[in-house]
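Visitor: Sequences listed follow chains A, B, C and D, in order. Start counting the first sequence at 4; every next residue gets the next number (my numbering). Start counting the second sequence at 4; every next residue gets the next number (my numbering). Start counting the third sequence at 4; every next residue gets the next number (my numbering). Start counting the fourth sequence at 4; every next residue gets the next number (my numbering).
One should not assume that every hint holds.
To be clear about the criterion: a stretch of chain D counts as covered by chain C if any three or more of its residues have a C-beta under 8 Å from a C-beta of chain C, and this derived list gives those stretches [as the list claims (entries may be wrong)]: (1) 70–84; (2) 87–97; (3) 106–115.
Only part of the chain A face toward chain B is listed, based on derived beta-carbon distances under 8 Å [what the hints assert, rightly or not]: (4) F17; (5) I25; (6) C125.
Don't read these hints as lab results, they were simulated from the structure. The beta-carbon is built from N, C-alpha and C at its ideal position, and this holds for glycine as well.
There are 4 protein chains.
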Amino acid sequence: VETTRLETFSDGVFAIAVTLLILEVRVDRSGSLAHDLVAAWPSYLAYVISFLTIGIIWVNHHTVFGQIGRVDRTFLFVNVLFLMAVAFIPFPTSLIAEHLGEEEATPAAFTYGLTLTVTAVCFSALWFYAVRAKLLRSDADPATVAGISRSYLPGAPLYLTATLLALVLPNLSVAMYAGIALFYVVESSIFGRKVVEGGRS
Amino acid sequence: VETTRLETFSDGVFAIAVTLLILEVRVDRSGSLAHDLVAAWPSYLAYVISFLTIGIIWVNHHTVFGQIGRVDRTFLFVNVLFLMAVAFIPFPTSLIAEHLGEEEATPAAFTYGLTLTVTAVCFSALWFYAVRAKLLRSDADPATVAGISRSYLPGAPLYLTATLLALVLPNLSVAMYAGIALFYVVESSIFGRKVVEGGRS
Amino acid sequence: VETTRLETFSDGVFAIAVTLLILEVRVDRSGSLAHDLVAAWPSYLAYVISFLTIGIIWVNHHTVFGQIGRVDRTFLFVNVLFLMAVAFIPFPTSLIAEHLGEEEATPAAFTYGLTLTVTAVCFSALWFYAVRAKLLRSDADPATVAGISRSYLPGAPLYLTATLLALVLPNLSVAMYAGIALFYVVESSIFGRKVVEGGRS
Amino acid sequence: VETTRLETFSDGVFAIAVTLLILEVRVDRSGSLAHDLVAAWPSYLAYVISFLTIGIIWVNHHTVFGQIGRVDRTFLFVNVLFLMAVAFIPFPTSLIAEHLGEEEATPAAFTYGLTLTVTAVCFSALWFYAVRAKLLRSDADPATVAGISRSYLPGAPLYLTATLLALVLPNLSVAMYAGIALFYVVESSIFGRKVVEGGRS
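This is chain A alone, in the form it adopts within the complex (with noise of 0.2 Å):
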């Protein structure tokens, strides 16, 4: 029942910040609306690419709590910092959206960085405590669990070398987070097609 709230919390919360992105989408007026509609397009690749990568996010929390037996005050307060890191993505969001293309790229291809590379060490915090302090269900498949060890190893130090990239090369880094999110679906949706759950019945 537990484990239940909790998870609704946290769905939640991807939800709200999924769906605040939206608010960061804005036409700045110069011209007639068709042209300032297209010229606005950093907003729409900020807010696919945002979108994307907290759906990336949400599937794998998902993943990771189907693991999960049961849980202890550490490691709600662990997922709380986690959904702090989370609920902070539309501000870098926003900034992508204002500023790719422009002079001032660096700074928020840096601060959007900074905000994944959070989100992925906590994430990972989140699921390291999870395995030391035995709070897997008894019957956790070992091969399942060494997968999801192992497949979030690459997640921090990736997103820590696109941050990086950005105090060069801003546009490549946004690049960079783009690729990260599609190679992360296509790669789940052709591998990944054996099915997740037993359903509702």
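Here the structure of chain A is known, so what remains is to put chains B, C and D in place on it, guided by the hints.
Guide: Just chains B, C and D, lined up with the frame of chain A:
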């Protein structure tokens, strides 16, 4: 259990997208408050059309998930793409609210229609993927499945027609978005009085 | 199961509408911050009245759904219309917050009352449709059903009276919106101490 | 079943209040973007303090509801009042974000503290009402109940002290809000490692 969490997340996005619409209802001050509140009618109209449209999508999502027995990762990501389109709706809604009846109504109505067309395409993709990947529940009723498949065919072309209509007659295009929503609600309410489910007990 | 999803969606809209109210609490800067925070009292008052009113509607929605055994499509759409009215409340709340005590209080209080009247009408429609379409659970208590039917009759006329009062005495009209909410909370708390449900076990 | 719906609604308000905090994180432009992002540190600090504080309140609400066996209407309304205080937190958070370190920090820190004091009072009222009205579950553990009762006593006076401190030393007052949150998280994580629940199985 897992389908439940997918539905909770989806319902969260629907509920937030629909409730955020009110943030786009604004009064531009130019005369008395009474006058300006009346002059803001395109805001209210855009609010009603988008609320009804998202409400209908929610009811349909609900119908589709009633037939789903299990999900895989591809399905999860198609659902994320679909929600990305739904959560985008408040943005073109604000364009309609601001520009309906003005000279620049065309790009507003076009962007609105494009968003609904993409939403309809993603929703069809979600359903047809579920059918092809055999994710339906084992006891799914073939007549209901065929009915859903049939009823989702006209959505995307209808919205595409209204979108193209916006290029020449934007007001008529908005009337068509309203008409599609109203038709669906009225048709459902008259012909759809059969009981949907067995309830909570 | 399906009634649960309808309640989740409705609760989501209630929770978001109520929490978005805070975005309308703003301080207009004219003197010192301390002075301006005090001068913003109509914002706080509007926040409290709307929060209590939506809270009461939520409690009542909760009571009604306790008697519903099954739903049909018409019921789903009447519920969507009802939620459309509830989610509209933050807009007139912002009008009250900005114009109470000013010259233009009348259109603000009138719009606020109109929204609550429409909400009350939709809520009555939801309930009376459920009764007429025989959607109540088979073990619904006739006394409770008659009690709900009786208690929803005065809502719409009361709010309509306050709405019309706004045309001549807008401040008194706002006092009446506050009074209705307070009366309901106090009355419920004194006479409604009987246990509502059997709890979680 | 009904307690579940109450928790869903409450969790919705917690999740939304916490996620809306990001809308108050804004960059005032005065120099380079990099400079302005650094200068916006009070925004980030206010975000972190409020997120942690609401997160802690959520964890405690969770603990309390674990002991509740049934609810009555009075309890529902005390919970609504409590949520009204929680949902108000983003407003004084924005005041802190804007005025910390400035001349007008006092009214900002005072309003923030007042909101947290009222929240703590409402939370204590919720718990003590539940105890007095015998709403606890029949198998509630007396030691846990006594522990909760004891642990909620210091909340309101602590926040009231910090609130009054704001009148003379606003920065120290904000440090105290941060300190209370940090102390609670660290203390819980060290001494609270015992397993909270039996999990999902």
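Visitor: Now, for every hint given, state plainly whether the structure supports it.
Guide: Evaluation of the provided hints:
Coverage of the stretch 70–84 of chain D by chain C holds [criterion: at least 3 residues with CB-CB distance below 8 Å; count 10]. Check result for the stretch 87–97 of chain D against chain C: holds, 5 residues qualifying (beta carbon to beta carbon below 8 Å, three or more required). Under the rule that three or more residues need a Cβ within less than 8 Å of chain C, the assignment of the stretch 106–115 of chain D holds, with 5 such residues. Hint status for A:F17: holds, given a least beta-carbon distance of 7 Å to chain B, under 8 Å.
Contact between A:I25 and chain B, as hinted, is supported at the beta carbon level, the nearest pair being about 5 Å apart and thus within 8 Å. Using the Cβ-Cβ criterion of 8 Å, the hint placing A:C125 at the interface with chain B is not satisfied: the shortest such distance is roughly 20 Å.
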